[in-house]
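Enquirer: Heads up: the sequence lines are chains S, D and V, in that order. So the first sequence is numbered by this note's numbering: it starts at 1 and just counts up by one. So the second sequence is numbered by this note's numbering: it starts at 1 and just counts up by one. So the third sequence is numbered by this note's numbering: it starts at 1 and just counts up by one.
Hints should not be assumed to be uniformly reliable.
With a Cα cut of at most 20 Å, we get these calculated SDA-like pairs of lysine to any residue [to be verified]:
hint, chain 1, residue 1, chain 2, residue 2
1, S, K104, V, R227
2, S, K26, S, E185
3, S, K132, V, R227
4, S, K96, V, Q146
5, S, K96, V, T143
6, S, K96, V, R158
7, S, K104, V, Q146
Calculated from the structure, these hints are not laboratory results.
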Amino acid sequence: MIEMSHVSKWYSSFRVLDDCSLKIQKGEVVVICGPSGSGKSTLIKCMNGLEPFQKGEVLINGISVGARGTNLPQLRSRIGMVFQNFELFPHMTVLKNIALPQIKVLNRSRAEAEARAEQLLDRMGLKVQAQKFPAQLSGGQQQRVAIARALAMDPLAMLFDEPTSALDPEMINEVLDVMVALAQEGMTMAVVTHEMGFARRVADRIVFMDEGAIVEDAAKDEFFGTPRSDRAQLFLSKILQH
Amino acid sequence: MGFDFNVLWQYKELLLHGLMVSFQLTLVAIAGGIVLGTFLALMRMSRLRVLSALAGLYVNFLRSLPLILVIFWFYVLAPKIVGHPIDAYSSVLITFILFEAAYYCEIIRAGISSVKRGQVQAGLAMGLTHLNMMRYVVLPQAFRNMLPVLLTQSIIMFQDTSIVYIVGVRDFLTTADVVANSTNRPIELYTTVAVTYLVICFAASRLVGRLQRSYAL
Amino acid sequence: MNYSWDWGLLFREPYVGWIASGFATTCILATYAWLIAFSVGSVIGVFRTLDNKILSTIGTVYVEIFRNIPLLAQMFIWYFVIPELLPHDAQIYVKRGMPNPQFWTAVVALGLYTASRVAEQVRSGIQSIPSGQRAAALAMGFTSTQVYRYVLLPIGFRTVIPSLTNDFLGVFKNSSLALTLGVMELTATARQIEEYSFQSFEPYAAATVLYSCVTLLAITLMRYLERRTRITGTASAGGQ
Numbered sequence: 001m002i003e004m005s006h007v008s009k010w011y012s013s014f015r016v017l018d019d020c021s022l023k024i025q026k027g028e029v030v031v032i033c034g035p036s037g038s039g040k041s042t043l044i045k046c047m048n049g050l051e052p053f054q055k056g057e058v059l060i061n062g063i064s065v066g067a068r069g070t071n072l073p074q075l076r077s078r079i080g081m082v083f084q085n086f087e088l089f090p091h092m093t094v095l096k097n098i099a100l101p102q103i104k105v106l107n108r109s110r111a112e113a114e115a116r117a118e119q120l121l122d123r124m125g126l127k128v129q130a131q132k133f134p135a136q137l138s139g140g141q142q143q144r145v146a147i148a149r150a151l152a153m154d155p156l157a158m159l160f161d162e163p164t165s166a167l168d169p170e171m172i173n174e175v176l177d178v179m180v181a182l183a184q185e186g187m188t189m190a191v192v193t194h195e196m197g198f199a200r201r202v203a204d205r206i207v208f209m210d211e212g213a214i215v216e217d218a219a220k221d222e223f224f225g226t227p228r229s230d231r232a233q234l235f236l237s238k239i240l241q242h
Numbered sequence: 001m002g003f004d005f006n007v008l009w010q011y012k013e014l015l016l017h018g019l020m021v022s023f024q025l026t027l028v029a030i031a032g033g034i035v036l037g038t039f040l041a042l043m044r045m046s047r048l049r050v051l052s053a054l055a056g057l058y059v060n061f062l063r064s065l066p067l068i069l070v071i072f073w074f075y076v077l078a079p080k081i082v083g084h085p086i087d088a089y090s091s092v093l094i095t096f097i098l099f100e101a102a103y104y105c106e107i108i109r110a111g112i113s114s115v116k117r118g119q120v121q122a123g124l125a126m127g128l129t130h131l132n133m134m135r136y137v138v139l140p141q142a143f144r145n146m147l148p149v150l151l152t153q154s155i156i157m158f159q160d161t162s163i164v165y166i167v168g169v170r171d172f173l174t175t176a177d178v179v180a181n182s183t184n185r186p187i188e189l190y191t192t193v194a195v196t197y198l199v200i201c202f203a204a205s206r207l208v209g210r211l212q213r214s215y216a217l
Numbered sequence: 001m002n003y004s005w006d007w008g009l010l011f012r013e014p015y016v017g018w019i020a021s022g023f024a025t026t027c028i029l030a031t032y033a034w035l036i037a038f039s040v041g042s043v044i045g046v047f048r049t050l051d052n053k054i055l056s057t058i059g060t061v062y063v064e065i066f067r068n069i070p071l072l073a074q075m076f077i078w079y080f081v082i083p084e085l086l087p088h089d090a091q092i093y094v095k096r097g098m099p100n101p102q103f104w105t106a107v108v109a110l111g112l113y114t115a116s117r118v119a120e121q122v123r124s125g126i127q128s129i130p131s132g133q134r135a136a137a138l139a140m141g142f143t144s145t146q147v148y149r150y151v152l153l154p155i156g157f158r159t160v161i162p163s164l165t166n167d168f169l170g171v172f173k174n175s176s177l178a179l180t181l182g183v184m185e186l187t188a189t190a191r192q193i194e195e196y197s198f199q200s201f202e203p204y205a206a207a208t209v210l211y212s213c214v215t216l217l218a219i220t221l222m223r224y225l226e227r228r229t230r231i232t233g234t235a236s237a238g239g240q
């Protein structure tokens, strides 16, 4: 469903992504990990064209992200994205945050959009927060609303960019639980994260990146059992100490 | 309708003299304005209610009035107080200092507030008197922080000096206006004035930008 | 100090009528100029934040030209220079047909000058929004226009209400420069009363009081606007 071929990206003379190729099938959950600065956030942002890239190609169900003729807003509306800093719109209520994109991008009616929003909020146990503003919610609540906002668009796939990195420890689990449930329902997911516990539970594949390149791309058991590269081994040993 | 830019060459001394007057006014006003502004800022931040209220009244009052009105006030008021007529140049000079001080005061106040409280506490903990602490710890840092804004305000003031036109002081714009009227070449003169100001102010603001980047604290 | 005070003159005809008309002229001039400044300035400010090179350059050039030339010089240019450069028919209209040329010249000059200041406020308001907000909106499938309309502009404008109020007051104060073109606004009226009545203080005092009132009104309005549009749950800075 998501196909990256030989993607390279430079910021002036600094190479951020080095010939990255990655295929994500429908229903697969792929976890992308690696040390800071390895390019993992950039990689995932190339998937929906938030980051332009100079070389290579990204295809979503056959449609090229970088091509000139592509209707990027329309393509993006089919892919949901969750950000490290939640990025809820502070001047709108929780309900409006989830409803507005449906109305303005998917052309749903207001009643339809709000009903869908309430349904998703209910699933997360956040129905009472519907009329509150983002700043009045905790970090964990905000991130779950952000996930609801992305799900409301009925996406083909979901991209997660370090969804729990900005959360206080006691709130990480409430967000991971939502993501686990999503994975178990069969959502196609690409998740940039350090949470190896999550990876072990629901990931189909683990992708390890270092210095802009994909160093390892293996099935879960293989990766945790016997990682092939030294760098991946080193990384795992540091991370898994927690 | 032919343009005759030779007029500029003919009257170049006069025009340059006008430009010098503009610069002179600006520099004196900056110097005086900053000194007075600093005192006002310290007054406003003082714990003595009376001082802070007085300074506040002065600053808020002057900032709510147009510069032209203040110039007229002073032009009319000063001779009556002093008892004898005051020439236009001195009158506007004093007006500028008093007027700009109100704006500089606010900039300086913001600059002083931007110095972290920890610095003040460290200074006091060492046993420095309040005055010495201001002088050696707070003000130097504050000035570094506020320098770009101070310079920007000064550029604005350089533009404001053109207002002396209304009392007949021969600054750059007024001189150009006089020449324009006597040679009947308004287009050439006013365009030159505009372009000159544009070049000077643009270059100055670019320099301030460079300064800001080179020592962002 | 030898001076005979006559505060009553401010309330006698014809002076009181002059003051009223001068104040009205100031208010009307300022209002028209602000309408131009706000609309043009917002557009230019948005231009400066766009990726489109042509539009952002237009924005930058506009701001640099209109804010680096003194307002008085700009007024002279609009009044003396621009009419000469217009095509023939437009020139005839401006010089002979148009009613109140001094007033409208002042409006245009003041409006376009202030627009450059408004543009900078709008630009800084938009740029102060964390880039993640724009990314999140784009990721949902909003077009660029929608991103500005639903996210960047609503948040950006709220942020700069205090600075825009400053610019609004600036328009009122700068309207006094129109007197150099002969417009009988408030300050010009005060000067005229001084010349006719030989009383120096009272007219200027009246003008001073009126300008101060406008300032107080504007600051009150700003505080009200800030409170009404505050984003719930965030701590907003108190008015200055």
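Enquirer: Just pull the numbers of the violated hints for me, sorted ascending.
Expert: Hint 1 alone not satisfied by this model.
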